[in-house]
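Following the hints, put chains E and C in place on chain X, whose structure we already have.
Spelled out, the chains give:
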Amino acid sequence: MPVAIGNYIALSAVMFFLGVAGVILRRNPLVTLMSIELMFNAANLLFMAFARAWLANAGQVFAFLVITVAAAEAAIGLAIVVTTFRDEKNVDVDEIRLMRG
Amino acid sequence: MNAVHHVMGADGSYPLLVALWLLPLAGAIACWAFGPQLKTAAGWLASAVVGASFVLVALSWGAGTQHAGGALGAHQALFSWIPGFDLGLLLDPLSLLWALIITGVGFLIHFYSMGYMDGDRAYARFFAYMNFFVFAMLTLVLSDNFVGLLVGWGLVGLASYFLIGFWFERPIAAAAARKAFVLNVVGDVAIMFAIFAIVATVHSTAFGDAFSATGAYGPGLLFVICVALFIGAAAKSAQIPLHTWLPDAMEGPTPVSALIHAATMVTAGVYLIARCAPLWNASHDAQLLAGTIGGLTAVAGAILGCAQWDIKRILAYSTMSQIGYMIMGVGVGAYEGGVAHFFTHAFFKAQLFLASGLIIHALADEQDIRRMGGLRTKMPFAFWAILTGVLSICGIPGFSGFFSKDRVIYGALQHGHPWLYAAGIVTAGLTAYYMFRLLFVTSLGEYRGDAASDSAHHPHAPAWIMGVPVGVLIVPTVAIGGVLMFGGDDSPWARYFAPQFGAQSLPAPAISEGLTSIVVLLFVIAGFAIAWWRYATKAAQADAVARLARESARMPALLTNLFYFDAVLDLLFVRSAQLFGTLSARVFDPHIIDGAVRELAFVTRTAGVFVQSLETGLVRAYALILALGAAGFIVYYALVAGGLH
Amino acid sequence: MLVLASILLPIAGAALLSALPRDDRNVSRAIGTLVAAATFFMVLFAGNQEWSFRWLSRPFVAAFHFGATPVSFWLSLMLALCTVCAIAATKLPRTRGFTAHMLMLEGSMLGLFLTRDLLTFALFWDLMLIPVFFVLVGWSDRPATAWRYLIYNFSAGLLLLLATAAFGIIYGSTDVIGRSDVHLLGSWAPWIFAGFTVAFLVKTPVWPLHTWMPPTYADLPAPMVAVVGAVQSKAGLYGFIAIALAFMPDYLRQYSGLLIALGAISLVYGAAVALVQQDAKRIVAYSSLSHLGLILIAIAVGNTLALQGAMVYIVAHGLFSAALFMLVGYVEEREGTRSLVRLGGLGKTNPRLAGAFCIACLAALGLPGLAGFVGELIILIGVYQAGYVWPAIVTLVSIVLASAYFLRLYQGIMNGPEVEDLPVRHDLTWVEGLAVAPLLAGLVLVGVQPHAILTAFAGIVK
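Residue numbers (the working numbering), protein chains in the order written: chain X, 63 to 163; chain E, 165 to 809; chain C, 648 to 1109.
Next up, chain X with everything else stripped away, as it sits in the complex:
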């Protein structure tokens, strides 16, 4: 029995807002990156759900695209975290304000 589309949307919304809250509230950069992944996956879940519901393959293709971009983003993000950690010996995002105007 297929699950109703509303459930997917609800789960995706919960995941997305957990991700947003994680980015806003947590100060550990690794957690921030994981929260971003969470938001990506919320979006992916919606792509898959609607692709199933409307029998359109474009959504699945987009999910692959997002996974690729997410991987790249994670790689760059981790690289930044590692280099910053080397310089600063610190992993608190509030302490790193190199871009302050």
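Keep in mind that a hint or two might mislead.
[Said to hold, decoys possible] Computed list of lysine to any residue pairs in SDA-like fashion (alpha-carbon distance at most 20 Å, straight line):
1. X:Lys151 / X:Leu95
2. C:Lys995 / E:Pro335
3. C:Lys995 / E:Glu333
4. C:Lys995 / E:Gly283
5. C:Lys738 / C:Arg981
Just so you know, the hints here were simulated from the structure itself, not pulled from any lab data.
Below, chains E and C without anything else, positioned relative to chain X:
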């Protein structure tokens, strides 16, 4: 530009005309380029060139006075200057007369200058300028169109500038030269304006086209054209209120004053009005204006001449006054009379200047008549030369000045201007007073200066080279008026100009010409008597030093300040322009325009500082703003814009 | 091909100079003069040859298309002449670098004048600012002037680029300069016209956008200001003729009142300020403001005579302002100052310098018989014929002012008693004299026979 062109003069090829025009230019270039090599030969070369030019003018007499195919004189086409505007030379009786004076008197003055300028550091440069002046003046009078005339007009101004400021290391001479040039540019631009109006109407600058249809302009525009031309004439011919440069121009060497600021250049305004006679004839208002300004200048110049102590400045004001006569004559329509006065004036004023140059030269550049005196015995030749000049300028019957001056004064009455007639008579009396004052103060009594007064002992003055031109000039000063102008309408003079200006039938005025001469003579005698009483009686001669000192001290401020013309012009134009420039440079540019630019920069910077404060560098704050922004969009589309579609 | 070569030659010359191993004044100057002279003859012989190479097809057609029109031919010739003269007279420290910048300036401005494409026009417009900027930074001690020059002129360049892009998108091609069948219409056309116009007004400059000009002209070394003041100032006027007048004549006519008013204000304003300046270079700079205002009036009036006069006056102004800037440079070089308060009495010991300076001043103040007068007279006849009497009268007033301030400039330097503590130096050397002689000869030639230049407009004005 497709109008039919009206050419004055019989078209043809006149190599003599081109040669006499270009010879002085060649001389000027030679003296200028090879001055150091030529040394004193520059003077001989320059004089020879002008003399040759004079001979060529004389040889062109026939061409200039010919009647051929209804055209008067000779016309030589030169080249097309810009498409539709051709340059050419025109020799008719009017320009022939001027050319004769320019080269003839010019030759004598060149000759004289060889003595006067002897030993000067820039001897060759002086003659280069003098030759250049002759070329420019010939361009002015020989041109067949307004642009060529304007080119000559500007170039004589330049020559005058160079020669007034010849001793340019003296600041006062440089300032006088600049003043003369700028005031003359006022006249130049006025003539330019007249050219615009003429071209806009007849699509040509040639005299023939401009004069052939005076009706085409309409009375208003014609008056404007005449006024513009008259401003040009007034600036060049030192008519009030543009006369203030002429007395200052006496800073130049005395031969320059004789040639440029007495005999030729300053009479260019007279030439211009006589040349444009068809325009003036068609505009009665313009005639009234020119005549009135001329009459006023005659009186004002004479009054100011009474209050001067510098011998050259007295002669300068006298020149201004005499040109006032000429302008009055040609202005009211008595062309032939006005031109006659130019003719005789060129001789007697050159004579007066050259003779006073003899004195100045001998007295080591002393020009103040209060420091002269007794020259009748010390320099008899100069005394007699000045005496003939004075008698001629005062219009003593028989002398040249008598004939021409009476023609002008009586012409004013004939053409219906009794006030100008009266002004002319009064001026004649004043002229007699200040000219005899000059003569008596310099020549009678004891010598009051301290210079070595014997011209023979002056270190570098071959006296004969300066004496000969003065001696030659005595002849026309005394006699030429009687020879040419005696006999009214049957005189050679009247017959010469009859084809140029046409015969005018005028109503006979109530006062006859003979009676006029007698009245003028009475005024002249009165002026002479006052001068005699004040300066020439035994008591006056004995007490001269004290009397002259007293006269200087009591001179009214109005006269010592020259009617405040200089002060008013300075305040109105010079000071105001400087004030405007200073305000613009000190206030407007840096504070208003750049101020606005700075304000713009300031606003940008302030906005930047404000926006900068949002850039905290806190990643979590950016995330919050991002989330709030997204929430804002969603709320907007969900609630305000009526739901997502 | 020759036309392209004439643009590339000076740029190659600049590269060659930069590659020289040693900074030798005479060698650099000789190479620079030779290259510039060769460029002059190439421009002369290229005549109306054309060379074209397609650059863009989308979003609009653009091409590297070079070739002189009658108007740009005279401008390029004048540019090449001024550059030769200016380089020949250079006596600055680090001559190698300076000469290279001069050649870069020449190349970029030749590109500007000779291009037939609006996009390349905009490109060269920005390119020609760069050598001037670097010279201001490197050869004067006031870098603020350099920035002011760059900010004003790059802003103008940005407007020009935007207007060009919009033109290309609307018309479909920017390969249009010199064509007479292009007319821009539509709702965007006024904005495009405004963009071009403001850019040209800044570059010329015209009141009230002129405040970058006096400090720039005062701080630039004399040889470069001779080219910038004489020729770069014409870039805006050339733009008016080749672009605004050619493609948007209706708008030019519509706003001619405004442009004439700005020109007339520039005329009187520049003249009045020049009357009270003490710095000789600033006097010449403000006189330029005044004279260029007259050319703007002529273009805005736009009838045949006024445009012919404008062309003559553009050439005349180029010649006499280049000569004046160079001669003021000579004076500054000798005496170490250009303040009229300090200077005086040079004429006695420097008759040749005084004579050359005098001719340049006389041409500038419009002495009848010299080039400036011809331009003024023809322009004003055209202006009067078109019914604009007041602008003509305002111009006549400013001619009187010009005679006052130019004589003040001349007499302030050359006349009066010699100043005791000024170093007395030698008169013009042969090289210095030969460097200004062509300019002065040009002034006399154009004054006596303006025919050749006048034909430039015969075909353009309809």
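Discussion item. Hinted pair, alpha-carbon criterion (20 Å max): lysine 995 of chain C, glutamate 333 of chain E. Please report holds or violated.
Written reply: 8 Å, holds
Discussion item. Hinted pair, alpha-carbon criterion (20 Å max): lysine 151 of chain X, leucine 95 of chain X. Please report holds or violated.
Written reply: At roughly 18 Å apart (the allowed maximum being 20 Å), leucine 95 of chain X and lysine 151 of chain X satisfy the hint.
Item to complete: Compare the distance between the alpha carbons of lysine 995 of chain C and glycine 283 of chain E with 20 Å, and conclude whether the hinted pair is satisfied.
Response: 16 Å, holds
Worksheet item: Does lysine 738 of chain C pair with arginine 981 of chain C here, judged by a C-alpha cut-off of 20 Å?
Response: With Cα atoms ~11 Å apart, lysine 738 of chain C and arginine 981 of chain C stay inside 20 Å; holds.
Discussion item. Hinted pair, alpha-carbon criterion (20 Å max): lysine 995 of chain C, proline 335 of chain E. Please report holds or violated.
Written reply: The hint holds at about 13 Å.
Comparing the model with each earlier hint shows no violations; every hint is respected.
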